[in-house]
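From just these sequences and the hints, can you work out the full model?
4 protein chains.
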Amino acid sequence: MLIEFSVVPLGTGPSVGDSVAKVLTIVKESGLPYKINPMGTVVEGQWNDLMKLVKKCHAAVLKDCERVLTNIKVDDRKGKTKRIDLKVKSVERRLGTTLRK
Amino acid sequence: MLIEFSVVPLGTGPSVGDSVAKVLTIVKESGLPYKINPMGTVVEGQWNDLMKLVKKCHAAVLKDCERVLTNIKVDDRKGKTKRIDLKVKSVERRLGTTLRK
Amino acid sequence: MLIEFSVVPLGTGPSVGDSVAKVLTIVKESGLPYKINPMGTVVEGQWNDLMKLVKKCHAAVLKDCERVLTNIKVDDRKGKTKRIDLKVKSVERRLGTTLRK
Amino acid sequence: MLIEFSVVPLGTGPSVGDSVAKVLTIVKESGLPYKINPMGTVVEGQWNDLMKLVKKCHAAVLKDCERVLTNIKVDDRKGKTKRIDLKVKSVERRLGTTLRK
Chain A
1 MLIEFSVVPL GTGPSVGDSV AKVLTIVKES GLPYKINPMG TVVEGQWNDL
51 MKLVKKCHAA VLKDCERVLT NIKVDDRKGK TKRIDLKVKS VERRLGTTLR
101 K
Chain B
1 MLIEFSVVPL GTGPSVGDSV AKVLTIVKES GLPYKINPMG TVVEGQWNDL
51 MKLVKKCHAA VLKDCERVLT NIKVDDRKGK TKRIDLKVKS VERRLGTTLR
101 K
Chain C
1 MLIEFSVVPL GTGPSVGDSV AKVLTIVKES GLPYKINPMG TVVEGQWNDL
51 MKLVKKCHAA VLKDCERVLT NIKVDDRKGK TKRIDLKVKS VERRLGTTLR
101 K
Chain D
1 MLIEFSVVPL GTGPSVGDSV AKVLTIVKES GLPYKINPMG TVVEGQWNDL
51 MKLVKKCHAA VLKDCERVLT NIKVDDRKGK TKRIDLKVKS VERRLGTTLR
101 K
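Residue numbers (our numbering), protein chains in the order written: chain A, 1 to 101; chain B, 1 to 101; chain C, 1 to 101; chain D, 1 to 101.
Don't take every hint at face value.
As the list makes no split between identical chains, a pair holds if one copy fits it or if it spans any two.
Said to hold, decoys possible - When the alpha-carbon atoms are kept at most 20 Å apart in a straight line, the in silico SDA-like pairs for lysine to any residue are as follows: (1) Lys22 / Gly11; (2) Lys56 / Gly79; (3) Lys63 / Gln46; (4) Lys87 / Gln46; (5) Lys55 / Ser90; (6) Lys78 / Gly96; (7) Lys22 / Arg93; (8) Lys82 / Gln46; (9) Lys55 / Val88; (10) Lys80 / Glu92; (11) Lys101 / Asp85; (12) Lys87 / Gly11; (13) Lys22 / Leu95; (14) Lys101 / Val91; (15) Lys80 / Tyr34; (16) Lys101 / Pro33; (17) Lys28 / Arg77.
Everything labelled a hint here was simulated from the structure, so no lab data went into it. Owing to the predicted nature of the structure, the values given are computational and were not obtained by experimental measurement.
Here you go:
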């Protein structure tokens with residue numbers, strides 16, 4: 001399954017770059033396939049591995065502030081894997097063009 | 001911490017009432033404090049209990065369809081509990097009025 | 001159609017009660033049917049009215065801080081109205097029980 | 001400001017590729033800077049232009065089905081532009097490494 005998630009600290013100023021850097025370090029260390037975009041991080045895997053990863057990121061950001069908002073969007077389709085690459089490719093094939101990533 | 005979540009089956013028609021009924025049955029059985037609203041269900045608890053609950057709901061809905069989209073929004077504030085009631089009350093107190101729930 | 005939305009200021013401390021109070025004041029003044037819950041506000045109406053309302057709330061919160069995150073979830077079903085009340089009632093009817101709101 | 005959005009038709013089967021193709025065609029025609037990812041589309045612009053675009057996409061998908069769920073996440077930071085490229089670059093600079101996109 002695919003998830004997209006974001007972790008936002010409240011009460012630490014308008015820049016959340018430190019938190020995002022912390023989160024991406026943890027995501028890379030997980031070894032799971034991921035893709036970063038300007039609004040979140042997409043990761044592919046099994047439910048337990050993915051939620052363990054998000055929990056770790058959430059806890060790391062909460063360590064340095066009082067309140068954290070975390071969003072998780074799950075897209076789970078039976079019998080489909082490698083969707084982190086194939087979903088966008090499938091749209092490009094339909095449109096007969098490449099899209100900006 | 002508080003979460004709001006929703007579980008949406010794809011490919012089963014425009015009405016998702018069966019899925020929502022299944023989810024709410026599981027939520028009630030969990031014994032965790034919850035509140036339903038027209039767009040999702042809010043539950044209060046600890047990370048592991050909450051994610052176990054959402055996983056169970058997600059799996060129950062996926063049983064009868066091919067694809068499920070689940071959204072989870074986490075609001076985690078250090079040292080605060082009973083926020084499922086207190087957050088709205090605090091807004092009402094500020095405004096000096098009751099709000100529709 | 002129904003929307004649920006939330007407006008979060010960044011860089012103003014862990015408590016966002018002032019912003020929520022501002023948002024709810026604007027929502028009430030709009031005259032549109034609404035329901036507040038611990039994680040957001042649900043409003044029913046037409047696209048243009050709803051987005052005008054959210055824009056006004058977003059702008060009001062941005063006035064006092066440097067960065068705002070706003071989430072909007074739209075549920076639009078053809079030929080259906082008064083869903084702000086009917087959706088939850090329909091789940092209760094299916095389950096033969098009342099649910100906490 | 002940046003938005004990430006997704007438009008999901010209900011009641012048309014588990015594959016929503018036709019809808020995504022429709023949405024991306026409209027996004028490309030808008031001329032606004034965009035980036036697609038496996039879970040949504042990020043676009044940069046002003047509130048009115050962005051919401052007009054999302055409305056058009058939402059309406060196009062609703063034309064062929066009975067119910068549509070649209071999610072919009074707004075990130076608005078005063079005095080900042082070109083964030084569609086700069087946000088990810090800033091994380092890479094902090095980490096001293098390139099990330100998968």
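The hints, checked one at a time:
1. Lys22 / Gly11: This pair counts as both: shortest intra-copy Cα distance 17 Å, inter-copy 18 Å.
2. Lys56 / Gly79: Between copies, since 19 Å is at most 20 Å while 28 Å is not.
3. Lys63 / Gln46: between (26 Å within a copy, 16 Å between copies)
4. Lys87 / Gln46: within (17 Å within a copy, 28 Å between copies)
5. Lys55 / Ser90: Answer is neither: 31 Å inside a copy and 24 Å across each miss the 20 Å cutoff.
6. Lys78 / Gly96: neither (27 Å within a copy, 32 Å between copies)
7. Lys22 / Arg93: between (35 Å within a copy, 13 Å between copies)
8. Lys82 / Gln46: within (12 Å within a copy, 32 Å between copies)
9. Lys55 / Val88: For Lys55 and Val88, the Cα distance exceeds 20 Å both inside one copy (27 Å) and across copies (22 Å).
10. Lys80 / Glu92: within (18 Å within a copy, 31 Å between copies)
11. Lys101 / Asp85: both (11 Å within a copy, 10 Å between copies)
12. Lys87 / Gly11: Answer is between; shortest inter-copy Cα gap is 17 Å, intra-copy 36 Å.
13. Lys22 / Leu95: between (37 Å within a copy, 9 Å between copies)
14. Lys101 / Val91: both (12 Å within a copy, 17 Å between copies)
15. Lys80 / Tyr34: This pair counts as within: shortest intra-copy Cα distance 16 Å, inter-copy 27 Å.
16. Lys101 / Pro33: both (16 Å within a copy, 11 Å between copies)
17. Lys28 / Arg77: Answer is neither; intra-copy 24 Å and inter-copy 27 Å both fail.
Of the numbered hints stated above, those contradicted by the structure are hints 5, 6, 9, 17, listed in ascending order.
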